[in-house]
Each structure stands twice: as structure tokens, then as C-alpha cells.
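There are 4 protein chains.
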Amino acid sequence: MEKRIIRYGMVGGHLNAFIGGVHRIAIGFDQSAELFAGCFSPIESENTETAERYHLDRSRVYKDYKEMAQKESQRDDKIDFVAIVTPNFMHYEVAKEFLLHGIHVMCEKPLCFEVDQALELQALAKEKGLLFAVDYAYTGNAMIKLAKQFIADGEIGDIVGVSGEYLQEWLIDELGEQSDTIKLSGWRTNPKVAGISNCIGDIGTHIESMVHYITGLTIKRISAKLQTFGHPLELNADILVDYDNGASGVYACSQVAIGHMNDLSVRIFGTKGALEWRQEYPNDLRVTRKGQPPQLYSRGAGYVTGRAAALNRLPSGHPEGYFEAIANIYKTFAGALAKKNAGIPLDADDLDFPRIESGISGVRFIHAAVESGKNDSRWVSVEP
Amino acid sequence: MEKRIIRYGMVGGHLNAFIGGVHRIAIGFDQSAELFAGCFSPIESENTETAERYHLDRSRVYKDYKEMAQKESQRDDKIDFVAIVTPNFMHYEVAKEFLLHGIHVMCEKPLCFEVDQALELQALAKEKGLLFAVDYAYTGNAMIKLAKQFIADGEIGDIVGVSGEYLQEWLIDELGEQSDTIKLSGWRTNPKVAGISNCIGDIGTHIESMVHYITGLTIKRISAKLQTFGHPLELNADILVDYDNGASGVYACSQVAIGHMNDLSVRIFGTKGALEWRQEYPNDLRVTRKGQPPQLYSRGAGYVTGRAAALNRLPSGHPEGYFEAIANIYKTFAGALAKKNAGIPLDADDLDFPRIESGISGVRFIHAAVESGKNDSRWVSVEP
Amino acid sequence: MEKRIIRYGMVGGHLNAFIGGVHRIAIGFDQSAELFAGCFSPIESENTETAERYHLDRSRVYKDYKEMAQKESQRDDKIDFVAIVTPNFMHYEVAKEFLLHGIHVMCEKPLCFEVDQALELQALAKEKGLLFAVDYAYTGNAMIKLAKQFIADGEIGDIVGVSGEYLQEWLIDELGEQSDTIKLSGWRTNPKVAGISNCIGDIGTHIESMVHYITGLTIKRISAKLQTFGHPLELNADILVDYDNGASGVYACSQVAIGHMNDLSVRIFGTKGALEWRQEYPNDLRVTRKGQPPQLYSRGAGYVTGRAAALNRLPSGHPEGYFEAIANIYKTFAGALAKKNAGIPLDADDLDFPRIESGISGVRFIHAAVESGKNDSRWVSVEP
Amino acid sequence: MEKRIIRYGMVGGHLNAFIGGVHRIAIGFDQSAELFAGCFSPIESENTETAERYHLDRSRVYKDYKEMAQKESQRDDKIDFVAIVTPNFMHYEVAKEFLLHGIHVMCEKPLCFEVDQALELQALAKEKGLLFAVDYAYTGNAMIKLAKQFIADGEIGDIVGVSGEYLQEWLIDELGEQSDTIKLSGWRTNPKVAGISNCIGDIGTHIESMVHYITGLTIKRISAKLQTFGHPLELNADILVDYDNGASGVYACSQVAIGHMNDLSVRIFGTKGALEWRQEYPNDLRVTRKGQPPQLYSRGAGYVTGRAAALNRLPSGHPEGYFEAIANIYKTFAGALAKKNAGIPLDADDLDFPRIESGISGVRFIHAAVESGKNDSRWVSVEP
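Chains as they are written, first to last, in the working numbering: chain A, 25 to 408; chain B, 25 to 408; chain C, 25 to 408; chain D, 25 to 408.
A few of these clues could be false.
Heads up, the list lumps identical chains together, so a pair's fine if it works in one copy or across two of them.
Unchecked claim - Subject to a maximum C-alpha distance of 27 angstroms in a straight line, what follows is the list of computed DSSO-like cross-link-like pairs (lysine-lysine):
id	residue 1	residue 2
1	Lys150	Lys120
2	Lys363	Lys244
3	Lys364	Lys120
4	Lys314	Lys296
5	Lys150	Lys363
6	Lys244	Lys398
7	Lys120	Lys90
8	Lys90	Lys216
9	Lys152	Lys102
10	Lys102	Lys87
11	Lys314	Lys172
12	Lys363	Lys102
Just so you know, these hints were derived from the structure itself, not from any lab.
The shape of chain A in the complex, shown without the other chains (with noise of 0.2 angstroms):
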């Protein structure tokens, strides 16, 4: 197939926003696509500085985001895909807006707030034939492949357990007098803004979103318990989890966990075997076979094969990190887009990057958490 360059219009993530920076140097990694379009931000400041800094054509940077898709999807040069990296609350409607205009999406997480709003946008891409993509960053880390890889290839045998924990410590000022002021005073706390979770929507989706990505399983009901230590929103959650096979997984996730700054680490239990990964150290993979000492893979050597070999980038010992696994997701889907463009068929492994069932299930698990949460750890159901 001919090369032709994947072209990407954004919308949020001016220059001082986080994470819009995050994905532009992901996408830089591999060139996996080009920005020609933009509506950066509200504020017109911000909105142009960032725009100039790209070297967009003025013509393509828009104040509004429906005239952004309005007008992009009239032009022979199109963008192919839209990168949403504004505020959770506009994920909705913004993917919306450019799904009907026959645009492909790459969203940030959560997805959105309401799983009829999520099932919308997965109909409407359907419907259209679009690609959608969510971005659970920490899927696209080559160790995580290889995991997925062993799993598959049944390699720890049937899945019994699952540990997953997700613990930060930035949200601990919170606790004690000063809690009505600082971190949480802005939209943590706006159920319209941030939502109906704080710590679940915010990191604990990612818990879900790795075990339902490395082994597979569907979460059939789960019971949470919340801790709001007096905020609107949760500051910690445990939950207790119900798979479709019979294992149990329990999930914990804590924003006041002193001594932990961003630990998301996942541990599968199988009959054959075991497979441990831990977010700070992305490069390095436990895996325990039954009756044999652990073993620590390492990404980038020799043994290391299938797809976490094809995303690898540096030699082994040579560290990559968090830019990297999003710069897999964001290769991955530029790829697909791209055969896709070319009237190529897509292959599971062309498929390989978070879709919209991810985000889907994602709502879902928020939801069910909360009504659990609110109803004394009762069961609730995650099931469609």
C-alpha cells in the first residue's frame, strides 16, 4: 500500500494544558500523523499561541469545535482522525460532533459520563463505519502486550485471581483541616464537570480497562466500597470483583496513599501460572510458571516476541516509558486508519489499541461502583 500521511486535527490541549502536549509527542515518536487542524482552546490566546507553534494554516484553527468538524469534513485534505484531550465533561459532545461528520475519534478517558451517551457513540460509529479509539494509555506498553500474549496462549492456564491496585498520593492534603480548600475546590468536586466519581473515573477505570485488556474477562457485578472523607466525590475505593469464568479480582484505588505516586500494578493468578506488571516500571514483566522460580522478562530482549517485540523501539535496558505506550496506541491506530484508507481489511493485531467497547465498559464500571458505593457495598451488576 502507498504511504500517504494521517492527518489530525485536536480538540482542547493548548500549550499549557497537560496532557494535549502528551499526545502530540506521542504522535511525534513514530510520525504516526500529522496536526493540520485545531481548536485548542476557548480562549483565543491560547487557541492561536498553540496553533502558531504548530505552524497550522490559520484556516484551520477554529474557535468552535463544530465548525472545526463542520468545515474539516468539506475539505479534500481533511483531517482523518480528531484527538479529544478537552475536559471529561465535553468528551460526549465533542465525539459526537465529529463522529457525524464522518470523522474518526481518538478520545481521551473516561469515554463519557453516562453509558447511553457511550452506546450512542459506539452506534454512531457503527453506523458510519469510524474508527474510535480511548486512550487507556497504559495498554500500549510492550510488557502489557507480552502479558496479553501469555495469557492467550494459555500460557498461565485458567485465570483463578486477579489484583489490581491503582495508589497516588497527590489528593492527601485533602484529608485533615485544610480539606475545603486546595486541589478538590475546582471541577474535582462539579458533578456536572467532573462527573459522578472522582478516584474510580479518574484512575480506577484504568484497573478495569488493563485486566479486561490483558486477560480478557468480563466483569459480571462487583461490590465497592468509597471513602469521600467528607468531599463530594471518592478519595479512595475497594472493590471486591465477580468475573464471568468464577475468579474474583479485588480492585484498589486510592489518591491519599502516601508513598505511591502514580502505582498502577496488576497481578494475574492463573492455574498454570502467574503474571505481575507495575506501571513504574514498565520495562520489566514477573512471570511465574507453577512449580518454577519467577521470572523477570524484560522488554526489548531477545525472548520477547509477537507484538510486544513489533512496538519495541529501544534495545533492552534501554528504558521507555510513559510517552511510549501512548505512542503504541497512537502507531497502532494511525495504522489502521491508514489501511483502512486504503481499502485494506484490519486484522486483530491492526485492531490492537482501546476501542470504544473499552470506554463502554469503562462507564459501566464507574456507574455500578458508585451504586454500589451508595448502597452499603451491595453487588450491582456491570453486565449490558
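Given the coordinates of chain A, work out where chains B, C and D should sit on it, guided by the hints.
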């Protein structure tokens, strides 16, 4: 006070039994006590052989623990305490017999099967003015003393969350096709012998007692999810915990977690700091104070003070292990007996060993967990 | 100062070459500079293909680096600097050519083969008033900045000892029967291409430059033991080091150390504290102050200040890696060029990248090590 | 064979001395022997007090070790061996005396000060047919047995490199202004008491003996760089090593390495694999086979076999430590004595404890290191 030898007898613990030998080695570390009497096994040859190995006076080797309690209680040089290292189902009856005869007790965990039994033993000990220790071995580790001291001193502020784990892999072969065969086929599946619980009774209670020992927190209620994998008793349990101070906890215990040998760990999160300890690396304590990097405290170092220093045996960097933990419990227990014998009042440090109250709350915990597990994880009170 | 784009050209680094792509990605992280010219390969198709991938103006794609230096130097929009990523043996001649034409230089390490060459380049750069950077990639890590700052601030007192290691396993198949075959059969065994050293030149110099960068210590003399295992050049080297302040060091580097991928580590011991850093886990810095427990500093945390904070890209717990280290070097280098272009004097922070002085001492170090190795490890001076 | 108690006496090791108590506890682990005689201290009260604590027969408490050797040798129930735990400078004379009287010897390291003395003791032991053990404690660790077995079985192929370290921080206060005061002011700076070496004699020899024990390699020559920091004896030493098989090694030992308590580690690199072990975490052995991920072997696990399994005391995950290492040496030594007493020939496993040959090579090593250190690190032969 004048030093006199503390004499002890043992019920159970013949030469081929594991835990009896551990107790004898632990006692030997500090010559905390000397073995003078025993009823090591119902099998006469085992009983005799063990007695000979330790050069016991023939007249103090008993076929029957009741005879032992009675005869010893009448001697001028009677044993000061009995160490009970029988199978679990005998703990209650043996402990009761020795208490009735005025002999102090050190009993393996779990204390007994029923809460009523536990309360009866407590009342009896109180009535007779006897000391009653329960061997929650891991609480004897020096670094656990340091953790307890830090919390008591307010170093980590108010506790907001607890994470406890005890993961083992040794019953993994119980899963799968051969599951009707091997290890569980013995006493572990017979409720008369094993009690109502396997995994929680065997290892889960160590989490419960350890967290209580370090933090002083009392559990209000728990919600437990048990997995039996087709066996009469559970091999895996995940438990949500509500403490009296409003904190939440998660306890996870498993005997089918491949890659984990005897992996007891506790993490205590507070408003000002956090403590983390892992049994397999017992000489380290990870301490994080709010806004500072984690610190790795090392047993025996100059900055280690208090009880942790008092119980220290080796210079820093010379690892202590499992035996030392139990030796510390015995050293403290025997020290308390010596003081008591000498008519000296006991202070808090003298009584710094797991006592019958820990045993009682352990039995309560097991019952609550099993009840919750059988009732779809509903919350069950653990309070008296 | 007004921001203008820094333009760069590249010599070497066609699409299939490893390190050229790494440089381009690293530059792209911060849009530190933009690629305007290149002489990527002597093979025309490779050269063209690379140029097209980066949309270069045809007129600035050169078959010959001399032509490139000359023609670029005459343009109004000439490149600000050239990135030299050719095989090692060409570094000297290419660097010299661009310096002669008034173009700043970023050169891969090792700078060149001979000390005289290195000094010539230094003199030339000075004469022309040009900046000359050498890509000792690992010095770009944020936590290395913190280590340097701690030492400069006297946090660990006077340095008394240094331990540096760089262990790899990738040449292990050179040992044994097949040793006449594979990897070393190429340029690595040809002194005209590889220079006089294999292991020390390739990885040992990273230890040397890193220790110097962090500590500021100057090496007086070294004693080296080299192992060639039957090859023309060494695969393993152990080196004793005498520093100017009286401290001692040991540097060990190996390409046949099974179990180690790219394991560069440095430990600096002082009278008041010690620092330890390991390249494979670059976001951590272990700091021990006398009489206190070791602390694990984490990149991006609030307690990280100074240059380490200034170069930070991601919140703590979001791992950065190898690319970011090089990106930091380029960001600083390009920032210095921008200031220079604007006529602003450069301060120490502006010049905080490995400069030609590091390159020179690297060449001296290699020569001294080889000379010592060939003379039964006698001490050889490294001083000018 | 019929089991009879092994009797031992002790010279040195009164109650307030550290290492004597360690030996008694270690012996007590397995009741390897029983204490029947002693000359614990030249201070009568210390001697008596220690004897009483262990209920020794008054007639077997001696003021003088010569008297002890003589009188014990004439008893029917004489001690089988003497444990020598005196200050180093007395080792030779005490050992000689007991050998002359036909009593087996277990001696603390270093064996003695002079090579001639060591050879004399060896000749004497041989002549008298006596066993002579030297307590290189760390060789007793179970996982060291596994390491030795792996190498003997060819699991890592031919050894090509060795890295040994022993880092401590406890003499750090000797640096700086107060250096004329504290710790070194005692016997450590008096060559008559301490011998010719401080750091190498105290800890460096542990590296030497450990590497030899595991690998069987013999050192040909060494090149040592010593740092005294103004003291009579060295506090730091870095040593290059030439082995008889052509392999190279680096040994680094220090008592002024802040952040390290008792950090003995050895790494053995071979053509097919590598082994790494660290004393502070003695239950783990890191094993890497060529082309495979590192594996973490755990003491007590089912896959651990041979001597490591035979000497195992606790199930996997129940940490053993320093005491167990010495207990293993005593268990083996006492077992050999029992066999010898019974007239049973001793095989290699029976003699699997550090013997006088290890002591001799330790003395040679110290002398060579000091000679090299005093002669600007020139190579000095260690061969007989």
C-alpha cells in the same frame, strides 16, 4: 530480681512435627525457658523418642495431657507454662486443662474454633491470674515493633487505609483435575479437624492480628468473598474491612497464588505518612512521611530505637528471620513470667506479646468472614 | 528574546540506522530544533528516502558532508547545528568540516579516536566561537541532575569512593566455539573503524563521563585489566581509578555479563552521604545521609528541585526513559544556541550539557585504559 | 551409627562478647553439640558468670586455655572440639594448643596472622588426624550451596568474570576531624592485635573465601588499592583479581560506604549463565541462563535440591538468616565429627564446611593485598 529458670512443658510437637521444633529452637535462642515435661505425641514411640532427645526426666513424659496438667501442677518444680503445638482442634481442650491446673499457656494460633470457647479460656485465665499467649509469630519481628511505635507516636497521623495480603502458592495443585486427591484430602477438609475455614483460619488471621497489633485499630465489620474451587473449605478470600475509626481496609489471602511463597505484607496509610512491611524481607520497613521520599529502615541500625532495638539480636545487615520473630515472643513471655513469679508488677512492654484477646478476635474474624462468604459477601459485624 | 526556530542538519542516521532515529525523536520531544538538511547515507536511495520522510527541501539533501557544510554555511537560513551520528571513525572529520564552516556541532560519542584530534576540534570550536556538544546520553537524565546538585550543595560531603558499572550481555556469543563468526566480525574488530577499544570505548566511557559530570572529580591515573577472549579488542574491562581529590574508584564494564542488558550504574560515597543511580530504573535516585535510612527520590516529586525539576516532563510515577535523557540534552543545547543567536550571554545552566571537554577526557580515558591493559595494568596518567 | 552427643568447649565468648553468643545459638539450632567446658574470659567474673549461665561443671571452667586443653584431653568425656572465638591475635596459639592435645578445632576467621602459622596449623591437624574448620559464616547459607551446585553442574558454563563486594558504613565517623578518637583507637589500629590489615582482614576475606567456595577457582595474583584515610590500617580496598582459569575478578570492600550495612554480594558470570547473591537477602539467588530472563530462586522451594535442600530448615518464604548460616556450618562439622568418632569414612558432603585450607588462602590473600597496596598496586602472587 533474682533470675531463675523458667520451666516449660510441651503438648504436641514430636520430632517429626514441624512447628514444635520451631518453638524449641525459638525458646533456645535466649534460653528463655527450659523444657522439663512433655506429651509430644499420642504415638508412644514418638513421645519417648522426643523426650529422650531432650533428656527429659522419664517421670515427666506423659501419655496424656490431662495427666500432665494434673501431675505437673502438684510438683514443687512444676512447669511455669505449657506450649501447645497440637493440631488446631485440640487447642481449646488442652489450654483449658492447663489453666484449670494453674499453669500459664502459650498456644499456637488459631486459639480455638468457637468464640464461646475463646471467651471461656479468657475468663479462666483471668480468674486464675494466668498469662495466656497466642503465637501470632509474625508480630514478633523487630521491625513490626518499630512500625507499632511509629504509629503510637503519631508519625503517620490518623490511619485512613490498610492493605493486608497473605499469598501462598502451595495448594495450587488442588485446582484442576487432580483436585480430589492430594493435600486437602487430609484434615484440612474435615471441619471437625480444620474448623470452619481453611485459608482465612490458616493465614488470613495473621493479617487480622498483625494489623490490629501494629495499629491498635478494631474491626467493626467485614465483607468477605470466598473461593472454594469445589473444595469444602476456601482456598482464597478477599475481604473488605470497616474499622472503628472510619478507615477502610482490604485483606487478600490465597493459597493458590503462584509466585508467592509466604508473602504476608501490610501497608498502613495515614494522614501524615505510611508504613509498609513484607514478611519475606522482614529486616526492612518502608516508611514514607508526607511530602518526602520513602525511607528504608533497616533492623539493627542506629536510628532504630525502642522495643525494636531492645529485641534486636544482630547488627544491621545481618539478617534475622522467622525463628527470631518467635524467639522474641517467647523472650517477652518468659520475661513476664519471671517478673510475675518474682511478684513484680507487669507493664505494657512486659506484656508486649500477642495475648488471648488477639486469639479471641481471631476467632471472631474467622466466623464473620465465613458467615459473610456464605451470604454473598454481606457485611457481618466482628464486634463483641 | 524572540523565539526563532533552531535549524539542524544531520550527517548519518538514515531510516534504518538506530541512533539517528533516536536523535530525531529526542529533538522532537520539545521541538528543540527542526530538520532542514541532511547527508544521511552514502547510499543514495537511503539518503533520499530519509530526506523524503522528513519532507526536506531537495536542495538541502547532500551526497557528501563536505558539500553540505560548505553550501549550508552560505545560506541565509543555514542550519544552526549539525548532528553527527555516523560511525565513530568519521566523527572527527565531519565535526572538523562543520566547525570550519562556522556551524555548531552535536556529536555522538566517542568524540574521536585520537587525543590530538580532540584537542584540534576543541581549539577550532573555541577559535570560531562555536558550541560543541557530545552526546553522553545518560547524563541527560533528570535524576542525574539531582545527583549533581546534591553533590555541588555538599549534601554528601567530600567524596571518598566511587563505584561505576556498565554491564551488558549482548556479546556473550563471542565466547566459545562460534567466536569467529558473528557480531564482532564486522567493524568492531577492525581498529580502523572501531578504534583501539571495543568495550571501554563503547560503554566504559559512559561511566567515566557520568562520574565526572556528577561529581566534578578529575581522574589522575588509572590501572586497567582487559579481557579480549581471543578477539582483537576487549570485551571486558576492570579499572582502578585515582581521583585528584584522593578518592578511589572502580569501574567495571563488560559486554559478556549474562543477566545484564544495559546496566549502567554509579554509586558515589562521601563523608556525609551517598548517592546511587541505575540507568535501567532512571526515575529513582537512592540517597543516604549519614546515620539515616536510605531514601528513594522519585523524579517529578515535589521535593525534586533545580535542574531536575526544570527538565521534568511528566508527573512523578509516570516513567521517563532513554529518549527523554537525550531530549534533555538537545533541549539545553538548542536553548543555548537560541540565546547565543540572540546575543545573550550563556550561564552555567545554559551550558549544562556534555561538551567537548567531556569528549576529550573520554578519548584520554580510552587511550590510558588500553595502554594500561597492554602493560599488565600499570598505572597510566589521564591528566593533560 | 549410634548417635552420641558431640561435646564442645569454648575459648573466648563470655556473655558480653558478641560472636561467642552467636556460636552458641547457632550450635543450639540443631543441638549439634553441647557445651561442656570453657575458658570464656581472662576476667574471672566474666568467665564464671558465663559458665554458670550454661550450667557448666565447675571443674571444666578454666582460667587458662592451656590448662583447658591439657585437662580436657585427659578426660574420658573430653570435649570433641573447641570453638575459638577470641580476639584474632590469639587464634593461632589457642588453635595450636588444642591440636597438640588431640582436640578438633572450629576457629573464627581470620585463621591467624602469618602464612607460616597457618601452614603449621594445617600440618599439625593433618599429623594428628584432626578436623579444622574456619567459620567463614556466609558460606553456610543454603542458597550458596545451590550456587555451588549449579556451577559444579556446569549450569553457567565456564566462569569468565567475578564481581565481589562487601560494603559497610560503620567506620564512617573515622573520616574527618574526629578521626583520632573513637572506634579505631582500640585494637583495630594496633597491628599486634589487629594484624596487618583492617578492612581486608575483616571483610575482604569473606569475598575471597566465598568466591572460592562457590566457584572452586584459585586466585593467581591480585592488584590492590588501599585507602587508609590517615589511619594505620586501611578502611577501603579495591582489588583486581586474576584466576587460574583466565577469568578476571574485582573485589571491593569498604567500611566507609554510607548506605550499606553488611552488604556482601557475589556475582559469577559464565559462558552459559550467571549467578548473583546478596547476603542481606540470603534466601534469594538470582540465576540467569543465556538468552533467558533472570530467575529468582527462593530457598526452601520445591525446585531447590541437593545440599541446599538438605540444609533447609523452614518452608519457602519463611526467612532464614545469619544464625542459620553458622548453624549449617556447625551441623555439618558436628556431623563429620560424629562419623569420625564412629569410624565412618567422610565423603565430600560430610566435609562441606570451610576448612583450614580456606583459612590459609585467606591469610595469603590478606598478605598479598597489603603488599600490593603498599607497592602502588603492583600484582602480587597469591599462589603457594
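Outcome of the hint check:
Only within a single protomer do lysine 150 and lysine 120 lie at most 27 angstroms apart by alpha-carbon distance; the minimum there is 12 angstroms, versus 59 angstroms between protomers. For a Cα distance limit of 27 angstroms, the shortest separation of lysine 363 from lysine 244 qualifies neither inside one copy, at 35 angstroms, nor across copies, at 58 angstroms. Only within a single protomer do lysine 364 and lysine 120 lie at most 27 angstroms apart by alpha-carbon distance; the minimum there is 21 angstroms, versus 48 angstroms between protomers. Proximity of lysine 314 and lysine 296 under a CA criterion of 27 angstroms is satisfied in both settings, with 5 angstroms inside one chain copy and 24 angstroms between copies.
Taking the shortest alpha-carbon separations for lysine 150 and lysine 363, only the intra-copy value of 17 angstroms comes in at or below 27 angstroms, while the best inter-copy value is 52 angstroms. For a Cα distance limit of 27 angstroms, the shortest separation of lysine 244 from lysine 398 qualifies both inside one copy, at 19 angstroms, and across copies, at 19 angstroms. For the identical chains of this complex, lysine 120 and lysine 90 are intra-copy neighbours only, at 10 angstroms inside a copy versus 55 angstroms across copies, given an alpha-carbon limit of 27 angstroms. Only within a single protomer do lysine 90 and lysine 216 lie at most 27 angstroms apart by alpha-carbon distance; the minimum there is 21 angstroms, versus 63 angstroms between protomers.
Taking the closest pair of Cα atoms, lysine 152 and lysine 102 come within 27 angstroms of each other only inside a single copy of the chain (16 angstroms); across copies the shortest separation is 48 angstroms, beyond that limit. In the homo-oligomer, the alpha carbons of lysine 102 and lysine 87 lie at most 27 angstroms apart inside one protomer (17 angstroms), although the nearest pairing across protomers, at 36 angstroms, exceeds that limit. Both within a single protomer and between protomers do lysine 314 and lysine 172 lie at most 27 angstroms apart by alpha-carbon distance, with minima of 18 angstroms and 25 angstroms respectively. Taking identical chains as interchangeable, the C-alpha atoms of lysine 363 and lysine 102 lie at most 27 angstroms apart only when both belong to the same chain, with a minimum of 17 angstroms there against 38 angstroms between chains.
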